[in-house]
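> Residue strings, one per chain:
2 protein chains.
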Amino acid sequence: MGKVSEKKREKQDTLFVGSLEKGLRVMSAFSAHRTELGLMEIAEITGMDKSAAQRFTNTLHRTGYLEKDAETRRFRPSLRFLELAAAYLWSDPFVQLAMPKLIEFSRSIGERVNAARPAGSDIIYVIRIPTQLTSFSAMLIGKRVQALSSSSGRIIVAHFDEERRRDALANWPIDRVTPKTVTDRALLAKEVEEAAARGYGIAVDQNIINEIGISAPVFNQAGEVAGTVQCSVSHLKWPLERVHAEIAPRLMEIANSIILPR
Amino acid sequence: MGKVSEKKREKQDTLFVGSLEKGLRVMSAFSAHRTELGLMEIAEITGMDKSAAQRFTNTLHRTGYLEKDAETRRFRPSLRFLELAAAYLWSDPFVQLAMPKLIEFSRSIGERVNAARPAGSDIIYVIRIPTQLTSFSAMLIGKRVQALSSSSGRIIVAHFDEERRRDALANWPIDRVTPKTVTDRALLAKEVEEAAARGYGIAVDQNIINEIGISAPVFNQAGEVAGTVQCSVSHLKWPLERVHAEIAPRLMEIANSIILPR
DNA sequence: TTAAAGCGTATTATTATATGATACTTTGTA
DNA sequence: TACAAAGTATCATATAATAATACGCTTTAA
Numbered sequence: 001m002g003k004v005s006e007k008k009r010e011k012q013d014t015l016f017v018g019s020l021e022k023g024l025r026v027m028s029a030f031s032a033h034r035t036e037l038g039l040m041e042i043a044e045i046t047g048m049d050k051s052a053a054q055r056f057t058n059t060l061h062r063t064g065y066l067e068k069d070a071e072t073r074r075f076r077p078s079l080r081f082l083e084l085a086a087a088y089l090w091s092d093p094f095v096q097l098a099m100p101k102l103i104e105f106s107r108s109i110g111e112r113v114n115a116a117r118p119a120g121s122d123i124i125y126v127i128r129i130p131t132q133l134t135s136f137s138a139m140l141i142g143k144r145v146q147a148l149s150s151s152s153g154r155i156i157v158a159h160f161d162e163e164r165r166r167d168a169l170a171n172w173p174i175d176r177v178t179p180k181t182v183t184d185r186a187l188l189a190k191e192v193e194e195a196a197a198r199g200y201g202i203a204v205d206q207n208i209i210n211e212i213g214i215s216a217p218v219f220n221q222a223g224e225v226a227g228t229v230q231c232s233v234s235h236l237k238w239p240l241e242r243v244h245a246e247i248a249p250r251l252m253e254i255a256n257s258i259i260l261p262r
Numbered sequence: 263m264g265k266v267s268e269k270k271r272e273k274q275d276t277l278f279v280g281s282l283e284k285g286l287r288v289m290s291a292f293s294a295h296r297t298e299l300g301l302m303e304i305a306e307i308t309g310m311d312k313s314a315a316q317r318f319t320n321t322l323h324r325t326g327y328l329e330k331d332a333e334t335r336r337f338r339p340s341l342r343f344l345e346l347a348a349a350y351l352w353s354d355p356f357v358q359l360a361m362p363k364l365i366e367f368s369r370s371i372g373e374r375v376n377a378a379r380p381a382g383s384d385i386i387y388v389i390r391i392p393t394q395l396t397s398f399s400a401m402l403i404g405k406r407v408q409a410l411s412s413s414s415g416r417i418i419v420a421h422f423d424e425e426r427r428r429d430a431l432a433n434w435p436i437d438r439v440t441p442k443t444v445t446d447r448a449l450l451a452k453e454v455e456e457a458a459a460r461g462y463g464i465a466v467d468q469n470i471i472n473e474i475g476i477s478a479p480v481f482n483q484a485g486e487v488a489g490t491v492q493c494s495v496s497h498l499k500w501p502l503e504r505v506h507a508e509i510a511p512r513l514m515e516i517a518n519s520i521i522l523p524r
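Top line first, the protein sequences correspond to chains A and B.
So the first sequence is numbered by the working numbering: it starts at 1 and just counts up by one.
So the second sequence is numbered by the working numbering: it starts at 263 and just counts up by one.
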């Protein structure tokens, strides 16, 4: 049913090129858990028939966006995917402004430092400066994390107006990631309130055990949180008091020094 | 003329979806120097007429791949571009294997450490661990650099067989980037020979003044250079003797410890 | 060793879908 | 204020994408 009306809308709109959308769907079929896909898998994931998968897959291969293993005939993303990332990074003033300050901070603090952007009910990391060994995913640029389980997401929501905040707290997904991930929405509301009061977000053991995340907000001219600068430290090395006393103020200072255009 | 035969080939091949290719062309219109584009600019860059640019642009916008400034009506890459990068990074075993070792190395040496992959006559950076402030472009993942002007490219070419090496040295582009960029192909051949003899690549002042790049090769099962691990240091801080004595051996050790599949 | 199933590849007729010309609207500038 | 340039909307047409079908190869089970 949804599919029918969707098709109808597309059909009526001659400014929407369905083939492009399908090709993009093939590209985004690849992810952390789908690093290498065969034709039939792609067909299944994208909801296309074999022929369609064949065509788009072939086109992406010929244009250099997909690698094809000659033996297994399976596809993988190519370096072109990374080049697109470079184009994004050049276009984002937040990244350009934050980068030098975060490098400096990372040098002085010796801990992992990141920057993120809100993306719906998630955040996406746009800068990652690894200094300590952790899980691979904690070093990945472009990684998507559910907002409510991250320090960044919490300070973002904390600056929403009443209505949006209520909506986010009621409806945004909160899947359990670690045994300590807070999934109780009332508790989460408390966390967000505290973040609002403090001015920065905190997340303890939410995505990785023994990890504390601290996030300070960067505002755009409209006064919304357009991004966050973040630091991740080990609980064992950094008791909460020291986090509040030594890390948070410096992150806030960095965040405040970043003035975004428009 | 080339265009005609190209068109013909595409026309005959029903497995090639031209609309997708055009959409991709729009996406890749964005780059370091084209961070924000209007409709007409996109039309010009991609060689499309206004209508085509309108359709693809609109489709990319509606699917969330392009941001559109409501006031200026200009387009910019969206975070989706970064998500694709994450998919690539997950899929590349070299990145996964190299990452922890390079973080460790970066911590101990305190200098910028990178990894790159060959891409035609260029290399593309797949890992960047910034520790010292430099130009923004030197911190960018996905950044493309002409191979012959980089330490990584030189050690890659050094491991080519006779014929490919000759071809690369004769035909690959060598645009001047800094006043000291080596553009003399005979000199470049010397550099590559020396790299072959040493086992690692060196590039002094080639992309950034006062910068020394050092690259060690990582081989795949077929014995080709599939990637490089690299370190960038300041000439002022690191005289060449120390680079050879202290950095190169450690990079070689790291490179040798990375065993790529297939 | 053979049969069967599953996957990737190739070819085709059909028409849905992308196309590009044109006209309209808005924006910015002389 | 008027003109030019950029963005937006509409539409008839045929190109170019489609999905069905058939083929060949590899893997697994009988």
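Hints are supplied without guarantee of correctness; some may be wrong.
[Claimed, not checked] DSS-like mimics (lysine-lysine), calculated; alpha carbons at most 27 Å apart, straight line:
| no. | chain 1 | residue 1 | chain 2 | residue 2 |
| --- | --- | --- | --- | --- |
| 1 | A | K101 | B | K363 |
| 2 | A | K50 | A | K22 |
| 3 | A | K22 | B | K284 |
| 4 | A | K101 | A | K237 |
| 5 | B | K284 | A | K50 |
[As the list claims (entries may be wrong)] Computed, partial: chain A to chain B, Cβ under 7 Å:
| no. | residue |
| --- | --- |
| 6 | G23 |
| 7 | P77 |
| 8 | L79 |
| 9 | E83 |
| 10 | Y88 |
| 11 | S91 |
| 12 | G142 |
| 13 | F160 |
| 14 | W172 |
| 15 | M252 |
| 16 | I254 |
| 17 | I258 |
| 18 | I259 |
| 19 | P261 |
[What the hints assert, rightly or not] Label pairs and their in silico Cβ distance ranges:
| no. | chain 1 | residue 1 | chain 2 | residue 2 | range |
| --- | --- | --- | --- | --- | --- |
| 20 | A | T178 | B | G485 | 39 to 45 Å |
| 21 | B | Q394 | A | G64 | 49 to 55 Å |
| 22 | B | T445 | A | G64 | 24 to 30 Å |
| 23 | B | P511 | A | P179 | 57 to 63 Å |
| 24 | A | T178 | B | T276 | 15 to 21 Å |
| 25 | A | E241 | B | T445 | 25 to 31 Å |
| 26 | A | P179 | B | T440 | 16 to 22 Å |
| 27 | B | L395 | A | N220 | 40 to 46 Å |
| 28 | B | G280 | A | D184 | 50 to 56 Å |
| 29 | A | D175 | B | S399 | 45 to 51 Å |
Keep in mind the hints are simulated off the structure, nothing from the lab.
Ideal Cβ positions, reconstructed from N, Cα and C, are used throughout, including at glycine.
> Next, verify each hint and record whether it holds.
Okay, the hints, checked on the actual structure:
no., hint, result
1, A:K101 - B:K363, "25 Å, holds"
2, A:K50 - A:K22, "13 Å, holds"
3, A:K22 - B:K284, "13 Å, holds"
4, A:K101 - A:K237, "23 Å, holds"
5, B:K284 - A:K50, "23 Å, holds"
6, G23, "4 Å, holds"
7, P77, "4 Å, holds"
8, L79, "5 Å, holds"
9, E83, "5 Å, holds"
10, Y88, "4 Å, holds"
11, S91, "4 Å, holds"
12, G142, "3 Å, holds"
13, F160, "19 Å, violated"
14, W172, "17 Å, violated"
15, M252, "21 Å, violated"
16, I254, "14 Å, violated"
17, I258, "15 Å, violated"
18, I259, "17 Å, violated"
19, P261, "11 Å, violated"
20, A:T178 - B:G485: 39 to 45 Å, "43 Å, holds"
21, B:Q394 - A:G64: 49 to 55 Å, "33 Å, violated"
22, B:T445 - A:G64: 24 to 30 Å, "28 Å, holds"
23, B:P511 - A:P179: 57 to 63 Å, "44 Å, violated"
24, A:T178 - B:T276: 15 to 21 Å, "49 Å, violated"
25, A:E241 - B:T445: 25 to 31 Å, "58 Å, violated"
26, A:P179 - B:T440: 16 to 22 Å, "53 Å, violated"
27, B:L395 - A:N220: 40 to 46 Å, "25 Å, violated"
28, B:G280 - A:D184: 50 to 56 Å, "52 Å, holds"
29, A:D175 - B:S399: 45 to 51 Å, "37 Å, violated"
When each numbered hint is compared with the structure, violations occur for hints 13, 14, 15, 16, 17, 18, 19, 21, 23, 24, 25, 26, 27, 29.
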